[in-house]
Amino acid sequence: MPSNSALHVQEGIPQPEPVSPYLHFKRKKRLPADTYIDGILAANRVVLSQAITLIESTAPQDIETANQIIEKCLPYSGNSIRIGITGVPGAGKSTFIEAFGKYLTSIGKKLAVLAVDPSSELSKGSILGDKTRMEELSIDPNAFIRPSPSGATLGGVARKTRETVILCEAAGFDVIVIETVGVGQSETVVKSMVDFFLLLMLSGAGDELQGIKRGIMEMADALIITKADGDNVPKATAAKALYQSALQLFPKNENGWMPPVGTCSVYHTDSIERIWQLISDFEKLTKGNGFFFKHRTEQSVKTFFDWMNHLLKEHFYSNALIEKSLSILVSEIREGKSSPYQAGSKLIHDYLQLTSIESP
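Start counting at 1 in the sequence shown, then tack on 15, and there's your number in the numbering used here.
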């Protein structure tokens, strides 16, 4: 080929060195399970982060190692207060958590924040930007922030959040905060994994009670009106009275706790301190009457059923014959040859016949 041809490939310039020598794009080599466990128990945050990534993985080769890590860490877990925080959009969840977290670390607590970001239904991606919104807390040596995508999980909580809590507790964190996507239809998922459920609300945004579902308020152990500072103080005080009146209509909680309504400003440390005192009072009361441990036991049972449902679903859809039948039935539905109900019944019938053949 002539040297002056347009098809001649030029050598180009030498590639520069990477900006960071620690930046790698190749998949990191997985460590043995015992190495992860030793690192977690030694409160090594790098190893903790890697272990959380491992348990969030859906790769078959990672599942066995993840299960070993969870099993070995389980005896070292359970020694924390687990707090779920949710609220309407704009309530300032991340801002509140940073102020709340800074107060906790200032009194000697070790805090882990599990921030769950919504995943796009189209791209399946998440921004995972909570660390950028908690700049001061993210560099606190007594705080650990872990953003995770919610994936397809309802309630704004990643499916592996329960397992992540176990790992963080084994690493020595005594306060676990789970920040959810926001108020939705399935906030019971949050309630099923925390000890204390905190609902953050705004004042002065129209009818405060409109759009608030009764079930969410019934699950809340405390309701806090945020941004109660400056000219917004009268509005926050009025909203507090309104919510207090509404809560009086709800039945008494089984745990004997009457959910309080308060106001909060991240600029006033005393309001943050009052919220922590509420949580401490709740913990003392429920541990005293036995509800605290009873609630955790029921959570473990629910986790068992949730996990079994997941395994059954995985087994069902991963079956090659079911996958083939599913494709045919979906085509029939689209062509109007079968109703969704008929197709569903046929698929389950085929699956039951298949499993009866596979059984010994």
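These aren't lab readings, by the way, just hints derived from the structure by calculation. One should not assume that every hint holds.
[Claimed, not checked] Cross-link-like lysine-lysine pairs, in silico, DSS-like; alpha carbons within 25 Å at most:
id, residue 1, residue 2
1, K87, K299
2, K317, K267
3, K125, K299
4, K267, K299
5, K299, K309
6, K361, K339
7, K328, K361
8, K328, K339
9, K87, K125
10, K302, K317
11, K125, K302
12, K328, K124
13, K299, K124
14, K352, K339
15, K87, K361
16, K317, K328
17, K317, K361
18, K267, K309
19, K267, K328
20, K299, K117
Quick one: which hint numbers does this structure break? Sort them smallest to largest.
-> 1, 12, 15, 17, 19
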